[in-house]
Amino acid sequence: MLMDTRPTQKSDMKFKDTLFRALFHEEERALELCNAVADTNFTTDDDLRIFSFGDKSITRRNNDLAMVVNNQLLAMKEHQGTLNPNMPVRFLPYVSDILYTWIPNKRALYRNKLVTIPTPKFYVLYNGKEKLEHGVLKLSDAFRFDDHSFSLELKVKVIDVNYGSGSDALRKSPTLDGYAYLMSQIRMHLDNNTPRDKAIHLAVKHCMDKGILVDFLEKHYREVCDMLAWECTIEDELEIKKEEGILEAAMKFLRDGQSLQYVATTLGLTESQVEELKEEFALV
Numbered sequence: 001m002l003m004d005t006r007p008t009q010k011s012d013m014k015f016k017d018t019l020f021r022a023l024f025h026e027e028e029r030a031l032e033l034c035n036a037v038a039d040t041n042f043t044t045d046d047d048l049r050i051f052s053f054g055d056k057s058i059t060r061r062n063n064d065l066a067m068v069v070n071n072q073l074l075a076m077k078e079h080q081g082t083l084n085p086n087m088p089v090r091f092l093p094y095v096s097d098i099l100y101t102w103i104p105n106k107r108a109l110y111r112n113k114l115v116t117i118p119t120p121k122f123y124v125l126y127n128g129k130e131k132l133e134h135g136v137l138k139l140s141d142a143f144r145f146d147d148h149s150f151s152l153e154l155k156v157k158v159i160d161v162n163y164g165s166g167s168d169a170l171r172k173s174p175t176l177d178g179y180a181y182l183m184s185q186i187r188m189h190l191d192n193n194t195p196r197d198k199a200i201h202l203a204v205k206h207c208m209d210k211g212i213l214v215d216f217l218e219k220h221y222r223e224v225c226d227m228l229a230w231e232c233t234i235e236d237e238l239e240i241k242k243e244e245g246i247l248e249a250a251m252k253f254l255r256d257g258q259s260l261q262y263v264a265t266t267l268g269l270t271e272s273q274v275e276e277l278k279e280e281f282a283l284v
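Here the sequence shown is numbered in our numbering, starting from 1 and rising by one per residue.
Calculated directly from the structure, the hints in this document are not laboratory data.
The beta carbon of each residue, even a glycine, is placed where N, CA and C say it ideally should be.
There may be inaccurate statements among the hints.
To be verified - Distance ranges between label pairs, derived from CB positions:
| id | residue 1 | residue 2 | range |
| --- | --- | --- | --- |
| 1 | Glu133 | Asn105 | 41 to 47 Å |
| 2 | Asp39 | Leu202 | 32 to 38 Å |
| 3 | Arg107 | Arg255 | 22 to 28 Å |
| 4 | Pro195 | Lys172 | 44 to 50 Å |
| 5 | Leu202 | Glu27 | 39 to 45 Å |
| 6 | Asn41 | Gly245 | 49 to 55 Å |
| 7 | Asp141 | Tyr221 | 32 to 38 Å |
| 8 | Asp141 | Lys278 | 47 to 53 Å |
| 9 | Lys157 | Lys129 | 17 to 23 Å |
| 10 | Gly164 | Thr266 | 39 to 45 Å |
| 11 | Glu27 | Ala249 | 43 to 49 Å |
| 12 | Gly166 | Asn112 | 28 to 34 Å |
Build the full structure now, drawing on both the sequences and the hints.
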């Protein structure tokens, strides 16, 4: 049974829903993804809740996906670009936000009876170009004091979902495999210097011709192209800023405690672009 916490939407998807989250928002595909990533055997008879948040939430990345199935909380991030070692730290506010939402009666936390929560599991679905070196990221790797008696740990399993990586998750989920194939086609065209919009349209049409994600793509062709163009635009802009040395300058300013407004004004960026740089490259 599906109990969805997201607001009711029209038949066409909202522009700022990324393809990954929109694709796996459907009950059958969501369960398929859970089973592939967590090695479970959930069915439509299980209680599935999909969590998502608005633009002003702590979870600002629109491709975050969290599901509670049979008292297991599966939190996932579809991560493009370089693998970020700070993902466990970034998961902390994300999961606390979900768990706090999970408890409708906050007064129960102050009573003597234990309030139970879904068992959390964390995943990063990695599709960057760099070779994946670590399969598990740990919060304790970030601790400044090397003391094994710490009280808090959070482990994130990293799964390579690049097409052809041989990942069990791709083998178990035809939808995830199709998504990976679509991303690989877009990357191939971009690497051949095809203009971004044309690369996206060519890749989407190629997948439809091959029968990959065809039902979803036929239904949402225009929205998918718009979403992918939006995502690629952000990634392209970040890469350009990095190449031009603006990233290094932003790192220095932010680490010196300068405000977002100051960094944006000094480097000729908007505050939203500084926010994107800060999150994408973990500038804290």
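Structure-based check of all given hints:
| no. | hint | result |
| --- | --- | --- |
| 1 | Glu133 - Asn105: 41 to 47 Å | 44 Å, holds |
| 2 | Asp39 - Leu202: 32 to 38 Å | 35 Å, holds |
| 3 | Arg107 - Arg255: 22 to 28 Å | 41 Å, violated |
| 4 | Pro195 - Lys172: 44 to 50 Å | 35 Å, violated |
| 5 | Leu202 - Glu27: 39 to 45 Å | 31 Å, violated |
| 6 | Asn41 - Gly245: 49 to 55 Å | 50 Å, holds |
| 7 | Asp141 - Tyr221: 32 to 38 Å | 42 Å, violated |
| 8 | Asp141 - Lys278: 47 to 53 Å | 21 Å, violated |
| 9 | Lys157 - Lys129: 17 to 23 Å | 20 Å, holds |
| 10 | Gly164 - Thr266: 39 to 45 Å | 43 Å, holds |
| 11 | Glu27 - Ala249: 43 to 49 Å | 46 Å, holds |
| 12 | Gly166 - Asn112: 28 to 34 Å | 51 Å, violated |
Of the hints listed earlier, those the structure fails to meet are numbers 3, 4, 5, 7, 8, 12, in rising order.
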